[in-house]
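If you want the building blocks of each chain, they are given just below.
There are 2 protein chains.
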Amino acid sequence: MEFDVVHAADILGRTPATLSALLLDVGDNWARATEGADTFSPFDVVGHLIDGEETDWIPRARIILAGRRPPRFEPYDRFRHRSRNAGRTLGSLLEEFRGLRDANLQLLRSWDLTPGDLELPGEHPSLGPVTLAQLLAAWVVHDLGHIAQTVRVMAKQYHAAVGPWVPYLPVLTDHEVPRS
Amino acid sequence: MEFDVVHAADILGRTPATLSALLLDVGDNWARATEGADTFSPFDVVGHLIDGEETDWIPRARIILAGRRPPRFEPYDRFRHRSRNAGRTLGSLLEEFRGLRDANLQLLRSWDLTPGDLELPGEHPSLGPVTLAQLLAAWVVHDLGHIAQTVRVMAKQYHAAVGPWVPYLPVLTDHEVPRS
Numbered sequence: 067m068e069f070d071v072v073h074a075a076d077i078l079g080r081t082p083a084t085l086s087a088l089l090l091d092v093g094d095n096w097a098r099a100t101e102g103a104d105t106f107s108p109f110d111v112v113g114h115l116i117d118g119e120e121t122d123w124i125p126r127a128r129i130i131l132a133g134r135r136p137p138r139f140e141p142y143d144r145f146r147h148r149s150r151n152a153g154r155t156l157g158s159l160l161e162e163f164r165g166l167r168d169a170n171l172q173l174l175r176s177w178d179l180t181p182g183d184l185e186l187p188g189e190h191p192s193l194g195p196v197t198l199a200q201l202l203a204a205w206v207v208h209d210l211g212h213i214a215q216t217v218r219v220m221a222k223q224y225h226a227a228v229g230p231w232v233p234y235l236p237v238l239t240d241h242e243v244p245r246s
Numbered sequence: 067m068e069f070d071v072v073h074a075a076d077i078l079g080r081t082p083a084t085l086s087a088l089l090l091d092v093g094d095n096w097a098r099a100t101e102g103a104d105t106f107s108p109f110d111v112v113g114h115l116i117d118g119e120e121t122d123w124i125p126r127a128r129i130i131l132a133g134r135r136p137p138r139f140e141p142y143d144r145f146r147h148r149s150r151n152a153g154r155t156l157g158s159l160l161e162e163f164r165g166l167r168d169a170n171l172q173l174l175r176s177w178d179l180t181p182g183d184l185e186l187p188g189e190h191p192s193l194g195p196v197t198l199a200q201l202l203a204a205w206v207v208h209d210l211g212h213i214a215q216t217v218r219v220m221a222k223q224y225h226a227a228v229g230p231w232v233p234y235l236p237v238l239t240d241h242e243v244p245r246s
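In order, the protein sequences belong to chains P and U.
Numbering (the numbering used here) for the first sequence: 67 to 246.
Numbering (the numbering used here) for the second sequence: 67 to 246.
Since the hints were derived computationally from the structure, they do not count as laboratory data.
The C-beta atom is built at its ideal place from N, Cα and C for all residues, glycine as well.
It cannot be assumed that every hint is accurate.
Unchecked claim - Here are the simulated distance ranges between beta carbons:
1) U:LEU90 to P:PHE145: 29 to 37 Å
2) U:ARG144 to P:ALA132: 49 to 57 Å
3) P:THR180 to U:ARG175: 51 to 59 Å
4) U:PRO233 to P:GLY133: 26 to 34 Å
5) P:GLY133 to U:GLN172: 54 to 62 Å
What the hints assert, rightly or not - Just a sample of chain U residues kept apart from chain P, beta carbon distances all over 12 Å, derived:
6) GLU120
7) THR121
8) ARG135
9) PHE145
10) ARG148
11) SER158
12) LEU174
13) LEU179
Kindly produce the complete structure, drawing on both the sequences and the hints.
Below is the structure:
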């Protein structure tokens, strides 16, 4: 499918409600569960998405649109949320994420990006040259991947409980070696 | 995590709102997209979950609770939805799923299952002996797996659009060979 900024913003706008439907008041045994050492819990995922709103997608789009030369992005800290959100509740993070996302989508829509804007160059610290369209498409896929991770982590908490059903439930054996 | 029927019903109750947040009015280019031949689109997933409400989880729990000897389940048709839902809209399927799920959870809660009930035996046509607890845990994991599938299928529509970001977005390369 070709990238379309109106469609992309629509999908991005769905993530706060999706995560709230899955996670609000779910209890720490689900929200703090992981797939093993150094993997994200659902709580961590929401914190990581907040970090994305504050330090990744829109800040990088601004660097591209400002025409800075070179248009090099700041490296992104995947673990910023760990210290930032110590002591926070999941409910407060979900609400904060919704507010940040809403504001960022309002900004994105206000830019009214043209096809020419979407081809403007950025420079990723490790991936090299990218375009604004690729950055925005990656934002969408990043959201969807972390929703998949959230439900996969929850599913795995019932790996033993399903007994003989394991081979019919592939989500239980996805990412046995962490991939992100 | 040990199986708990109250927790399980809570998670099961979240699926209709989660899928509606992701999919309602999303447009056919997302809702009818797949991962390739003979794989489910998001539209198919909702139809398959409706089939589960009508022919799988609660009907099998009833067989177990009725004490039929042997307590053998009917085989389950993974493709019933294909003919059943021809011509339907995604919005109407999402609404139907919500109604069926709500009624099934009301029934499940009305049973007020005891630890002894949860150990009652069933017989799966290919997996063999199972318990009611395992059946209900599999229902939860089945939901979560199909939510993961839904967002994975959507994410893959932007595989080309993200350009060099592919290695940082593992959801794009999950299930390159269909696993379910």
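Tested hints:
1. Against the hinted window of 29 to 37 Å, the Cβ-Cβ separation of LEU90 (chain U) and PHE145 (chain P) comes to about 34 Å, which satisfies the hint.
2. Between ARG144 (chain U) and ALA132 (chain P) the Cβ separation comes to about 51 Å, which falls inside the hinted range of 49 to 57 Å.
3. A C-beta distance of roughly 54 Å is found between THR180 (chain P) and ARG175 (chain U), which places it inside the suggested range of 51 to 59 Å.
4. For PRO233 (chain U) and GLY133 (chain P), the hinted distance range of 26 to 34 Å is satisfied, since their beta carbons lie about 28 Å from each other.
5. At about 59 Å, the beta-carbon gap between GLY133 (chain P) and GLN172 (chain U) stays in the expected band of 54 to 62 Å.
6. For GLU120 (chain U), the shortest C-beta to C-beta distance to chain P comes to about 19 Å, beyond the 12 Å cut-off, and the non-interface label holds.
7. No Cβ of chain P approaches the Cβ of THR121 (chain U) within 12 Å, the least distance being about 15 Å, so the stated non-interface status holds.
8. Every C-beta of chain P lies more than 12 Å from that of ARG135 (chain U), the closest at about 20 Å, which supports listing it as non-interface.
9. No beta-carbon of chain P is positioned within 12 Å of the beta-carbon of PHE145 (chain U); the least distance is around 15 Å.
10. The Cβ of ARG148 (chain U) lies farther than 12 Å from every Cβ of chain P, with a closest approach of about 19 Å, so its non-interface assignment holds.
11. With a least CB separation of 19 Å from chain P, SER158 (chain U) remains clear of the 12 Å interface cut-off, as annotated.
12. Distance check for LEU174 (chain U) against chain P: the nearest CB is about 16 Å away, which clears 12 Å, and the non-interface claim stands.
13. Distance check on LEU179 (chain U): its Cβ is at least 14 Å (rounded) from any Cβ of chain P, clearing the 12 Å threshold; non-interface status holds.
Comparing the model with each earlier hint shows no violations; every hint is respected.
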